[in-house]
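Here is how the chains run, residue by residue.
There are 2 protein chains.
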Amino acid sequence: MATVHQLTPARAPTLEPMVRLVAGDLNQVNAVILDRMQSEIPLIPELAGHLIAGGGKRMRPMLTLASARLVGYTGARHHRLAAAVEFIHTATLLHDDVVDGSDLRRGKRTANIIWGNAASVLVGDFLFSRSFELMVEDGSLKVLKILSGASAIIAEGEVNQLTAARRVDLGEDRYLDIIDAKTAALFAAACRIAAVVAERPEGEEAALAAYGRNLGIAFQLVDDAIDYVSDASTMGKDAGDDFREGKMTLPVILAYARGDAEARSFWKAAIGGHRIADTDLAEASDRIRTTRALDDTLARARHYGQRAIDALGLFPACPAKDAMVEAVEFAVARAY
Amino acid sequence: MATVHQLTPARAPTLEPMVRLVAGDLNQVNAVILDRMQSEIPLIPELAGHLIAGGGKRMRPMLTLASARLVGYTGARHHRLAAAVEFIHTATLLHDDVVDGSDLRRGKRTANIIWGNAASVLVGDFLFSRSFELMVEDGSLKVLKILSGASAIIAEGEVNQLTAARRVDLGEDRYLDIIDAKTAALFAAACRIAAVVAERPEGEEAALAAYGRNLGIAFQLVDDAIDYVSDASTMGKDAGDDFREGKMTLPVILAYARGDAEARSFWKAAIGGHRIADTDLAEASDRIRTTRALDDTLARARHYGQRAIDALGLFPACPAKDAMVEAVEFAVARAY
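Just so you know, the sequences run in chain order A and B.
Under the numbering used here, the final residue of the first sequence carries the number 489; numbering is consecutive throughout.
Under the numbering used here, the final residue of the second sequence carries the number 489; numbering is consecutive throughout.
Calculated directly from the structure, the hints in this document are not laboratory data.
Certain hints may be false.
Which copy is meant is left open, because identical chains are indistinguishable; a pair holds if it fits in one copy or across any two.
[To be verified] Here are the simulated SDA-like cross-link-like pairs (lysine to any residue), alpha carbons at most 25 Å apart as the crow flies: (1) K295 <-> Q191; (2) K400 <-> P198; (3) K400 <-> S192; (4) K421 <-> W268; (5) K400 <-> I266; (6) K298 <-> R233; (7) K298 <-> P198; (8) K298 <-> R397.
This is chain A alone, in the form it adopts within the complex:
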């Protein structure tokens, strides 16, 4: 009889099964990260360490490790590659915070606030270079191709997002293009490389890439929804950040599309940067709720979450699969 995994968990899903599954491997990855962020230039480990030790979930390296477990990989190459993935992610965060002028991340002051934009840009470049050194040491051209391709797509997605800033008429499709590039591409690559090092068939590679990509989109959609849920357990993100920065996300896109002329003029002013008071945020959250923009952003997230889970269909039941399914359930349940 077929096992049908559906997004209707009996209890609140958590990341715990995945954390437990990869705990031993993750220690190895953390050792590589710690070792390879060192430099004779003291500012580098100081600044990199602030972010790397700063309460991140290590979501992407965990996905590499869990995927490796799923495909029965028994070697150690994935530790170095998972560290490379985390370095790419960290470099991106450092540059993102400069680009957005953010002052808080995960409840801590950002590196650009503490050490300045220049240091954040340059240490980001360093971590990005280090990630390539790690991949080169691994020696797989296929892995290099996947991760250098993902890096280029992330950068393209970031530029796309930048040119979309404060454009209230952005539309859902272009928004999806952006998050597909800036978030989902690295999730996909992180999962896919596990199949490559395990020398699994193309079909499993594609399945893991699809799992990662869809999870990444779901993850980003929920993140964007959380920004408008004032009482959310926010995982360190400050509610209202996107709103105050005039960032176009799906809740806003839907509320704008569904709104009347009066609503649209509110959103134009808000996204244009003329409504940044707490009362404006309250009004925005209210408009997003009453147009069902929040519910439907989460419904979209569940759609991609379900696709992520179904992408795992060809793998037999095992603890790794259960953990990866629950990770999706957790990702889409965060905002409730």
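Given chain A, put chain B in place with the hints provided.
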């Protein structure tokens, strides 16, 4: 009888022989550059093109091409790799201009002034990723190792320079460490990879790396000197930029070390950012000249230039070697 190349040219040396030597190849490289800086996101080719088409000398790709000619390489792999080298360089320039807050480069407004810091950071990241994609397409792990290593060293050098900013007591050795990393490492890698694709012996690889590294140091030293030569043919660089930014370069390091208490307090104020008027620049240039700091910066440059030329000793005489020797002579003669 041995041919002794010395830095005493009978006529004014130029880059012309190298430009002529590699002209055909450079067209191929430019085609790769143009092709690979494209993107569906219009801002990317627009911003990248501004800098890439903006009058750069293509010094680093020319070095790859000339080195390939020197070792008798007859394939076409070096076109793609020379483009990768230029992309790394371009990405570095974009980030440098953000870090330094520069408003002019090669006599044109910088990308960060036209499109903003955020766009410059992100398009730099894109070009950096693209450079890795080009290398991965080439497929040589050895080349990937050399260029990813150089990238990490460049980023380290940039951070080192940042932490050295406005430190008047920097010292010549630490300064040399900085330019070795931020400038010479990519010159060395650009030359060295030609020997790798041509599958030449380790000795030739090391010789080309030494040529590039020493040329890179000489090149940077002369650049730093030019900043204090008001009537120089400046190759697009504005005299006084380093001074106004409080950048520690060898002319300042020597003038400070050789100065009395009064001179040192001038330099402290200047490097601290309290002397940015044209009269201050004139005074600084004067102090650098009278302490022979300018002459001796150029003498240091000639030392490294001579080492670059001697590194080519093991290669037989040929037009490529002549062009590479004259390129060094040109590099060190620019400030006269």
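Evaluated hints:
When the C-alpha separation of K295 and Q191 is checked against a cutoff of 25 Å, the pair qualifies only between copies, where the shortest distance is 23 Å, while the shortest distance within a copy is 27 Å. With identical chains, the CA atoms of K400 and P198 are at most 25 Å apart between copies only, with a shortest distance of 24 Å across copies and 31 Å within one. For a Cα distance limit of 25 Å, the shortest separation of K400 from S192 across copies, 23 Å, qualifies, whereas the shortest one inside one copy, 36 Å, does not. In the homo-oligomer, the alpha carbons of K421 and W268 lie at most 25 Å apart only across protomers (23 Å), although the nearest pairing inside one protomer, at 34 Å, exceeds that limit.
Both within a single protomer and between protomers do K400 and I266 lie at most 25 Å apart by alpha-carbon distance, with minima of 20 Å and 23 Å respectively. In the homo-oligomer, the alpha carbons of K298 and R233 lie at most 25 Å apart both inside one protomer (16 Å) and across protomers (15 Å), since each shortest distance falls under that limit. When the C-alpha separation of K298 and P198 is checked against a cutoff of 25 Å, the pair qualifies only between copies, where the shortest distance is 22 Å, while the shortest distance within a copy is 28 Å. For the identical chains of this complex, K298 and R397 are neighbours neither inside a copy (37 Å) nor across copies (43 Å), given an alpha-carbon limit of 25 Å.
Violation of the numbered hints given earlier is confined to hint 8; every other hint is satisfied by the structure.
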